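Got chain A; can you put chain B on it based on the hints?
Sequences listed follow chains A and B, in order. Using the numbering used here, the first residue of the first sequence is number 1089, and each one after it goes up by one. Using the numbering used here, the first residue of the second sequence is number 1089, and each one after it goes up by one.
Calculated from the structure, these hints are not laboratory results. Keep in mind that this is a model prediction, so the values were computed, not measured. A few of these clues could be false.
Because identical chains cannot be distinguished in the list, a pair is counted as satisfied if it fits within a single copy or across any two copies.
[To be verified] Below, computed lysine-lysine pairings styled on BS3-like, alpha-carbon distance capped at 27 Å:
| # | residue 1 | residue 2 |
| --- | --- | --- |
| 1 | K1245 | K1419 |
| 2 | K1245 | K1310 |
| 3 | K1310 | K1235 |
| 4 | K1171 | K1373 |
| 5 | K1107 | K1310 |
Number of protein chains: 2
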Amino acid sequence: MLKVISLDAALDLVLAGVKTWARVQSVPLGCAGGRVLAQDAVAGEDLPAFSRSMVDGYAVLASDTFGASAAQPPLLRLAGEVKMGERAAFSLSPGECAAVWTGGELPQGADAMVMLEDAEALGGGWIAIESPSAPGRNIVFRGDDAKAGETVAPAGKRLSARDIGALAALGYSEVSVLSETRVCVLSTGDELIDCAEAPAGAQIRDCNGPMLTAACGLAGAKASFCGRVPDDEDTLLGAMRRHAAECELLLLSGGSSAGAKDAAARCLDRLGEVFFHGIAVKPGKPTLAGRIGETLVVGLPGHPAAAYMMFHALVYPALAALQGQKLQEHKVSARLSTAAPSNHGREELVAVRLEGDRAVPIAAKSGLVVPLARADGYVRIPRDTEGLMKDALVDVILF
Amino acid sequence: MLKVISLDAALDLVLAGVKTWARVQSVPLGCAGGRVLAQDAVAGEDLPAFSRSMVDGYAVLASDTFGASAAQPPLLRLAGEVKMGERAAFSLSPGECAAVWTGGELPQGADAMVMLEDAEALGGGWIAIESPSAPGRNIVFRGDDAKAGETVAPAGKRLSARDIGALAALGYSEVSVLSETRVCVLSTGDELIDCAEAPAGAQIRDCNGPMLTAACGLAGAKASFCGRVPDDEDTLLGAMRRHAAECELLLLSGGSSAGAKDAAARCLDRLGEVFFHGIAVKPGKPTLAGRIGETLVVGLPGHPAAAYMMFHALVYPALAALQGQKLQEHKVSARLSTAAPSNHGREELVAVRLEGDRAVPIAAKSGLVVPLARADGYVRIPRDTEGLMKDALVDVILF
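Same shape as in the complex, but just chain A (with noise of 0.2 Å):
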């Protein structure tokens, strides 16, 4: 029998043996929406550098604005025009306006724009304001946006696109972001062949491979699929020990069942450190972790449902706190549309599909995949209560 921990507990203990890696490689920007900042990015300067409009329209000083009316406009000498583009060359007395295009330079003196719209050229360089203007009016200021030394966005930050936005305002065109976090994962088990294979007598297609590599690329990491290792100790342990050298987070799936062909947890504990093995939790009782060298290592269960379900609780989180970041858990609120018991004793997650606002649990016998992909996450039910009745309000985490 397995000394099994709480879920939760698992949970510490594998983000306690999350490394934060040092890895960190240049990117040039426009490759790095979605990666995380490996250091602070600063703005070296003014942004922006000048006061500039943010209309077309004529810079004045407001001063000369106030009280302007299309029946009594003010008339001011247009003493030049900036060009989009150009820097201004000359600076604006009161009395004065200077055409500027949207992005122009204010001339010295200016503090407001007037729309192109809110005036009237009159011709001989007078120009007719039919509207006040206060004031900063559709002005962006000299370091509005950022001033030179500000951090724009700290270490640590996932970019989003409108960082990339900030940071090419800024003048970077590389920046220096977290490595991608190498995922290598085996599947083991005699029974398992290709999923582009014939199964023949009891072997049956290996699912685990594919749908785990698949849910680490979709969570951001290079994940790679390193094959199907046979139910040999001394095989799982050179594969084991190979490829826990090329990644961050090594994945295995099936192989750690309390049965006669169980070996993961006995590898790992000659070529490293085991931090549990079993966790009271239906579906996933028979997951293990722990770590070769800074490695980190997951056992999930062979059943693709109980692996499914361990890989969103406890490695989904592992794979946002080895990029140093918190994972968000998804959830709503529904009630559910049948009573669900559970009186063994273990934690148990049932995963459910979404009507309305209704959770509805799918029969999810744990050596099932197809009822899995159907469902649209899971709801937690206590080691301590006897299972939720029917219309019991419940979490739903979303897968």
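For chain B alone, kept in the frame of chain A given last:
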């Protein structure tokens, strides 16, 4: 002046302009996570192909175990062992049992499993059964997972890791998926330079190009930044014609204000069709959309915050629709930390930062990009209001 339409009407026109693309490709199953299935995936066979055990233990006739206890265990004759990975070559009669490992086939006649820990091997081929088992207990029957001919994942489904697992179990090694949406991003404006360059005069670094390219990439599209085009109508016309032929979505930024240098709308009108030019929204008024052939074209404002808001409101849904998907908007409820006046007759989008359950409007002049990078989402203020009061309960649409 632009003839403006509402943001909702603009979204309807953009989505109506999306063609359902018939571009389909076959990819290895391992690369199909997150892709959209192009045709129904159907089970070609019963899964599992035989009834199998979910535990290590003894296959029995359940009726032989009724009333069993440790004190009064029925004795069953061990008829044989089904080794892992082998088919059962014998059948059970009443009074008999067979050793079966997890995943092994049940012999004909057996209808339940007794776990190893609920039985004791007495020697001489006799097994004491210490706990009763019910028919079907610890067994997956043939076809429980999927029946031959059943649709396992319908065309149009975005493949999750669990779908990949289900398809692997059913022997799919390649799947037919929609090709990734190709997006070309063009920045327009004489004043723009590459983010790696140092601005001279009134030049500014192009941040919309990298930002919009990254945003499309994070949304799963295959986005290419195709460079900056100066404010020259013939040059723009050539670039739009050339790049529209290479993609399903052509994104422009800048060049769509009603100012003197506006050219994108005229080019679009010459090359194809303009759906609309101008939206009654702040920021984002000078936004346009149309098509060139079957390629959707969206022209975003030059101001980065305005460009990103309109990207979020119009282009994200369009990217989803181009993959046959309906975008799920993520919203949270919050209370405004300060009043947000808005009485200019246009719908207003106010970027906010979330602090607990409070939405704090950020100073987001539409020319700024750094404050935008720090925002968590935005609030829509309808055009027919005077704005929102402090403490108003609002839906924050998350970026």
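Each hint, compared with the structure:
1. Taking the shortest Cα distances, K1245 and K1419 sit within 27 Å of each other both inside one copy (23 Å) and across copies (22 Å).
2. In this homomeric assembly, K1245 and K1310 come within 27 Å of each other (Cα to Cα) both inside a single copy, at 19 Å, and across copies, at 24 Å.
3. For the homomeric pair K1310 and K1235, neither the shortest alpha-carbon distance inside one copy (37 Å) nor that between copies (34 Å) is at most 27 Å.
4. In this assembly of identical chains, the alpha carbons of K1171 and K1373 lie at most 27 Å apart only when taken from different copies (23 Å versus 71 Å within one copy).
5. Taking CA atoms no more than 27 Å apart as the test, K1107 paired with K1310 passes inside one copy only; the shortest distance there is 17 Å, against 33 Å between copies.
Hint 3 alone, counting from the list given before, is not met by this structure.
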